[in-house]
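Student: What follows is the residue order along each chain.
2 protein chains.
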Amino acid sequence: MSAELEFYFDFSSPYAYFAATRIDALAARHDRTVRWLPVLLPAIFKVTGNVPSPMVPIKGDYILRDFERTARHHGIAYRKPEHFPILTVTPGRAMTWIAAAHGPAQAAEFARRVFSAYYTAGADIRELVVLSAIAAGLDIAPAALEAGIQSDEVKEAFRLASETALQRGVFGAPFVLADGEPFWGFDRFEQLESHLRGA
Amino acid sequence: MSAELEFYFDFSSPYAYFAATRIDALAARHDRTVRWLPVLLPAIFKVTGNVPSPMVPIKGDYILRDFERTARHHGIAYRKPEHFPILTVTPGRAMTWIAAAHGPAQAAEFARRVFSAYYTAGADIRELVVLSAIAAGLDIAPAALEAGIQSDEVKEAFRLASETALQRGVFGAPFVLADGEPFWGFDRFEQLESHLRGA
Chain A
1 MSAELEFYFD
11 FSSPYAYFAA
21 TRIDALAARH
31 DRTVRWLPVL
41 LPAIFKVTGN
51 VPSPMVPIKG
61 DYILRDFERT
71 ARHHGIAYRK
81 PEHFPILTVT
91 PGRAMTWIAA
101 AHGPAQAAEF
111 ARRVFSAYYT
121 AGADIRELVV
131 LSAIAAGLDI
141 APAALEAGIQ
151 SDEVKEAFRL
161 ASETALQRGV
171 FGAPFVLADG
181 EPFWGFDRFE
191 QLESHLRGA
Chain B
1001 MSAELEFYFD
1011 FSSPYAYFAA
1021 TRIDALAARH
1031 DRTVRWLPVL
1041 LPAIFKVTGN
1051 VPSPMVPIKG
1061 DYILRDFERT
1071 ARHHGIAYRK
1081 PEHFPILTVT
1091 PGRAMTWIAA
1101 AHGPAQAAEF
1111 ARRVFSAYYT
1121 AGADIRELVV
1131 LSAIAAGLDI
1141 APAALEAGIQ
1151 SDEVKEAFRL
1161 ASETALQRGV
1171 FGAPFVLADG
1181 EPFWGFDRFE
1191 QLESHLRGA
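In order, the protein sequences belong to chains A and B. According to my numbering, the residues represented by the first sequence are 1 to 199, in order. According to my numbering, the residues represented by the second sequence are 1001 to 1199, in order.
Read the hints as simulated data drawn from the structure, not as lab findings. Where hints are given, some of them may not hold.
[As the list claims (entries may be wrong)] Here are some chain A residues pointing at chain B (derived, C-beta under 10 Å): (1) Pro42; (2) Ile44; (3) Val47; (4) Lys59; (5) Ile63; (6) Arg69; (7) His73; (8) Ile76; (9) Tyr78; (10) Phe84; (11) Pro182; (12) Gly185; (13) Ser194; (14) Leu196.
Predicted model, so just to flag it, every value in this text is computed and none were measured. Each residue gets a CB set at the ideal place from its N, CA and C atoms; glycine is no exception.
Looking at chain A on its own, in the form it has when it is part of the complex (with noise of 0.2 Å):
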């Protein structure tokens, strides 16, 4: 069995960004592969009606901390950043460019570094000036970078990923499709792992 787990995330929710730092590894375990995905979740929120947890009162504050707690439980590197939440057009659509003009690796490496950018060091990755460095550091020129998020066929693509992933069910993120079975949270990858032991 060879098929793709899609994996469906936003570079605003550090779930996602817990994901991404196990997602590969999960995956070649099983010998799969994993097709990242980058969606914009106010897109799919404005259309499911759902309240990003970080708004909702009293929830808020527990998530703030439980962001903290779990990143420490499996070891992961995270530091919440100054700008949280953010909206994540911009390096949405530079991913989406890139897995365009570069192809599918160099922009899950892309999206790697992102997360990593955000999470660990803070850096305000809604920033052209931030993005063409990540880019630069994967031999991508930072003209090519800029011309391609403000390309219209980017934007709409972009725009596109939202609502397919909502046609797949996609409702919040981190969110695997693994043959059809859908996996919400970081906090389902035992689940996850249990099916592809089993499939």
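Assemble chain B onto chain A, guided by the hints.
Tutor: Below, chain B without anything else, positioned relative to chain A:
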């Protein structure tokens, strides 16, 4: 260390039921006891503005599937009740009265049996006849239970329970407070156990 764990739940939450099947053994492994505290989630959600997961479009379908899968994953008997979700005012009041009249141990055992009747036998636990039968199994007279449920003191005490819980930071269920540290969800029992191990 022998501080009690505060275990907040609503009979209408399958995740609370899963937690209820494990909380006592988990506590006992660390020489702790459990205080079973029923609340009414809709009263809490009214304050926080949270939307119950089964009511969110798309997410609702996933959650029903996740109940089944999570039960299977942990080897817990579970069958989606015909009436679901329900308003659990009557079983909540019943437990509140039993705790006052017969002590917390009887009340916890009543709660375990109510959960089991609802999630394994599909009994409609809003019905007095169902609650009376469960109480009778604990040598509690149905007439006394019925009078207890209808007393103003019990109604007020159960109403206050959700208010007090909210003041303690409880915004959902299951919710455990261990030495002041909050754990929301059955999927945080691993972190709860880590905490107890380290405390």
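Student: Each hint: holds or not?
Tutor: Now the hints, each set against the structure:
1. Of the supplied interface hints, the one on Pro42(A) is violated, with its beta-carbon coming no nearer than about 15 Å to a beta-carbon of chain B, more than 10 Å.
2. At about 9 Å, the closest approach between the beta carbon of Ile44(A) and any beta carbon in chain B falls short of 10 Å, and the interface hint on this residue holds.
3. For the restraint placing Val47(A) at the interface with chain B, the shortest Cβ-Cβ distance is roughly 7 Å, inside the 10 Å limit, so the hint holds.
4. Residue-level restraint check for Lys59(A) holds (minimum Cβ-Cβ distance to chain B is 4 Å; threshold 10 Å).
5. Checking Ile63(A) against chain B by beta carbon gives a least distance of about 9 Å; that is within 10 Å, so the hint holds.
6. At a threshold of 10 Å, the smallest CB-CB gap from Arg69(A) to chain B is about 6 Å, leaving the interface hint in force.
7. About 5 Å separates the beta-carbon of His73(A) from the nearest beta-carbon of chain B, less than 10 Å, and the hint is met.
8. Proximity of Ile76(A) to chain B is violated relative to the hint, the smallest CB-CB distance being about 13 Å (cut-off 10 Å).
9. Annotation: interface hint on Tyr78(A) violated; nearest CB of chain B at approximately 15 Å, more than 10 Å.
10. Among the interface hints, the one on Phe84(A) is violated; its C-beta lies about 20 Å from the nearest C-beta in chain B, farther than the 10 Å criterion.
11. Taking 10 Å as the C-beta contact cut-off toward chain B, the hint placing Pro182(A) at the interface holds, the least distance being around 6 Å.
12. Hint status for Gly185(A) relative to chain B: holds, with the closest Cβ pair at about 8 Å, below 10 Å.
13. Interface hint status for Ser194(A): upheld, as the beta-carbon distance to the closest one in chain B is roughly 6 Å, under 10 Å.
14. A least Cβ separation of about 13 Å between Leu196(A) and chain B goes past the 10 Å threshold, and the interface hint is therefore violated.
The structure fails hints 1, 8, 9, 10, 14 (numbered hints given earlier, in ascending order).
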